[in-house]
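Chains B and R are the protein sequences, given in the same order.
For the first sequence, this note's numbering assigns the number 266 to the last residue and increments by one with no breaks.
For the second sequence, this note's numbering assigns the number 398 to the last residue and increments by one with no breaks.
Hint data in this document are derived by calculation from the structure and do not stem from the laboratory.
For clarity, every value in this text was computed on a predicted model and none was experimentally measured.
Among these hints, one or two may not hold up.
27 angstroms max Cα-Cα, derived BS3-like pairs, lysine-lysine [to be verified]:
1. Lys8(R) to Lys180(B)
2. Lys65(R) to Lys254(R)
3. Lys8(R) to Lys168(B)
4. Lys180(B) to Lys392(R)
5. Lys116(B) to Lys180(B)
6. Lys73(B) to Lys279(R)
7. Lys279(R) to Lys116(B)
8. Lys254(B) to Lys265(B)
9. Lys8(R) to Lys52(R)
10. Lys180(B) to Lys107(R)
11. Lys180(B) to Lys106(R)
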Amino acid sequence: MSRIQAAFEKLKVQQRRALIPFVTAGDPNPQVTVPLMHGLVEAGADVIELGVPFSDPMADGPTIQRASERALKHNVSLRDVLGMVAEFRKTNASTPVVLMGYGNPIEAMGWETFAKSAAAVGVDGVLTVDFPPEESHEAFAHLEAHGLDPIFLLAPTTSDERIAEVAKLARGYVYYVSLKGVTGAGHLDLDAIAEKLPHLRKYISLPIGVGFGIRDAETALAVAKLCDGVVVGSRIVQEVENSTEQDVVANVGKLVKELRQAIDKA
Amino acid sequence: MYNYPDSKGHFGPYGGIYMAETLMPAVEELRRQYEHFRDDPEFKAEFAHELKYYVGRPSPIYHAKRLSEHFGGAQIYLKREDLNHTGAHKINNAIGQALLAKRMGKKRVIAETGAGMHGVATATVAARFGMECVVYMGAEDVQRQAPNVFRMKLLGATVIPVESGSRTLKDACNEAIRDWVTNVETTFYIFGTAAGPHPYPMLVRDFQCVIGNEAKVQMPELIGRQPDAVIACVGGGSNAIGIFHPYIDVPNVKLIGVEAGGHGIESGSHAAPLTGNAKVGVLHGNKVYLMQDENGQIIETHSISAGLDYPGVGPEHCLLKDIHRAEYVAINDDEAIDAFDALCRFEGIIPALESSHALAHAMKIAPTMGKDKALLVNLSGRGDKDMNTVAKIKGITL
Ligand SMILES: Cc1ncc(COP(=O)(O)O)c(C=O)c1O
Chain B
1 MSRIQAAFEK LKVQQRRALI PFVTAGDPNP QVTVPLMHGL VEAGADVIEL GVPFSDPMAD
61 GPTIQRASER ALKHNVSLRD VLGMVAEFRK TNASTPVVLM GYGNPIEAMG WETFAKSAAA
121 VGVDGVLTVD FPPEESHEAF AHLEAHGLDP IFLLAPTTSD ERIAEVAKLA RGYVYYVSLK
181 GVTGAGHLDL DAIAEKLPHL RKYISLPIGV GFGIRDAETA LAVAKLCDGV VVGSRIVQEV
241 ENSTEQDVVA NVGKLVKELR QAIDKA
Chain R
1 MYNYPDSKGH FGPYGGIYMA ETLMPAVEEL RRQYEHFRDD PEFKAEFAHE LKYYVGRPSP
61 IYHAKRLSEH FGGAQIYLKR EDLNHTGAHK INNAIGQALL AKRMGKKRVI AETGAGMHGV
121 ATATVAARFG MECVVYMGAE DVQRQAPNVF RMKLLGATVI PVESGSRTLK DACNEAIRDW
181 VTNVETTFYI FGTAAGPHPY PMLVRDFQCV IGNEAKVQMP ELIGRQPDAV IACVGGGSNA
241 IGIFHPYIDV PNVKLIGVEA GGHGIESGSH AAPLTGNAKV GVLHGNKVYL MQDENGQIIE
301 THSISAGLDY PGVGPEHCLL KDIHRAEYVA INDDEAIDAF DALCRFEGII PALESSHALA
361 HAMKIAPTMG KDKALLVNLS GRGDKDMNTV AKIKGITL
């Protein structure tokens, strides 16, 4: 059983929702990332989405763009990110780690080399924002060969045909993007999510995480009632941005704890 | 028979649809609509009518006699896209896409622009068809192409300077994609070059093929045969593919794409992914030769010409390079300026700095060829927009 599957099964038994925070690897500097990941787990994270910095993050709003820029100032590469996961795994064998980013850094490394190294250091899932199912078959065959879960996005605009296609290819969990827009965008429409989730479940048996636009305990709770996992990105990255190197782990930990307490009421 | 792309938008190993999920349905819808309208007699007739009466086509081919004589070799002919309404080839494509937008019921159009010619063309057709228009432009380009920014505003468009990344065309493109993902239901993205996710590379090419189709009729009228070579500058590659494509199956016509060599390929400071042997990568919806570092991060490019200052290139040019049907070369900033000056002085035509790259290559090879040879240069645009840049280089304050 994969770490992602194990994590969701445990939560199911406990009747809890997954809390899935996102941080950009190397933001604000490479030394912070591994302590920050451990801090996320201590504060109650069930899965960590670790952003791989990219020079042209087209699907991201200003907050996560700036995180990428800060990391790239330190030349944080995909290879470095894999090193961070290896370091994290030295003392954490159970929390799933999903790499999230854009396809080109992986293309540059080569999918086979990447899949092999990622599996070896203890990565569990891979989400490439700009690789839809149409272009993913060959790339994702390498992931499967090394036991890595391809995580797919679904959007409010996704047709039933595409939902069915994703249902076939996805492993681990499916990530529902709760609004039309980039990460960190305005308000989310809870009614629309409430309507959409039962529809998605007709096709998808994997757990469904919902993200984009979750900014506080209140929205986290509201969303948690509707799905299996809550993904929080820009709000956490914003906390990183507003912290010093000394207090970043504590500040982010405090925020994640609040989110944890909120969604456990669901 | 050359017949690309395939039904999934692949030109051999290049092209495709590498987009965020939210935009996939929009891209798919555009593909379906275009499939329907590209053969629709009414659509074709309206497009042809606009090109004739609004753009002023066909654009003439002009024999640059004094210039040819000066270099003492092959005869240089210019396909005068600079004479189009708005001053560049970009309007051909903008009209085609605006007609699609109209049929799809979209009232808001967005565009990215580098030199500002595509932005002006989009602002123009938006005014012509009564649509709201937002243009994204890198902050650096806003400065170096200031006259075009003013033109867009006069035409009623909102111009948004993009401050992220290298503050040039690629960043404008990122920002336009962010707008599209947010406003996908109301908005049509009028993409400016023959790149991006399928169907854009095909659709932009088809709309720009009017250039090559006209030339194929005009050259025999002028000289009784087709030219020995067709030369065009390559940014994303729309003016080049527009003039190349109709010639692909014509034997003995060389196709030469001219990239921006910037400070020289050896310097690394250029915008020439094909000539500079860039690795293949994925950006802005397609898989193409792409200037990047060893970690797959896109690197900053340099060209004196904003319209060529882009790290990628359209997928069809990648294929044409691989199959050796077209040849790609680079022209440096200073060579382009020399060509710019030469055309001003010898022919009384002020070319765009982009087009000056194509011209510079013609001037380089003409002397090595016989006087009976003919070179057809796509003069993709006029140089009014470049007054600030050229004045600065010459040390003149306007
Ligand atoms: C006059 C002119 N020529 C050429 C280009 C380059 O674009 P493309 O390669 O798509 O023709 C531009 C782009 O702005 C332009 O304004």
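We went through each hint and held it up to the structure:
Between the alpha carbons of Lys8(R) and Lys180(B) the distance comes to roughly 25 angstroms, so the proposed pair stays at or under 27 angstroms and holds. Restraint check: the Cα-Cα separation between Lys65(R) and Lys254(R) comes to about 21 angstroms, which is no more than 27 angstroms; the hinted pair holds. For the hint linking Lys8(R) to Lys168(B), the alpha-carbon distance of about 20 angstroms falls within 27 angstroms, and the restraint holds. For a cut-off of 27 angstroms, the pair hint linking Lys180(B) to Lys392(R) is broken: about 43 angstroms separates their Cα positions.
About 34 angstroms separates the Cα atoms of Lys116(B) and Lys180(B), which puts this hinted pair outside 27 angstroms; it is violated. The straight-line distance between the Cα atoms of Lys73(B) and Lys279(R) is roughly 23 angstroms, inside the 27 angstroms bound, and the hint therefore holds. Between Lys279(R) and Lys116(B) the alpha-carbon distance is near 22 angstroms, which keeps this suggested pair within the 27 angstroms criterion. With a CA separation close to 17 angstroms, the supplied pair Lys254(B) and Lys265(B) stays within the 27 angstroms bound.
Restraint check: the Cα-Cα separation between Lys8(R) and Lys52(R) comes to about 33 angstroms, which exceeds 27 angstroms; the hinted pair is violated. For the hint linking Lys180(B) to Lys107(R), the alpha-carbon distance of about 18 angstroms falls within 27 angstroms, and the restraint holds. Proposed proximity of Lys180(B) and Lys106(R) is supported: the alpha carbons are some 17 angstroms apart, at most 27 angstroms.
The structure does not agree with the numbered hints 4, 5 and 9 stated previously, though it agrees with the rest.
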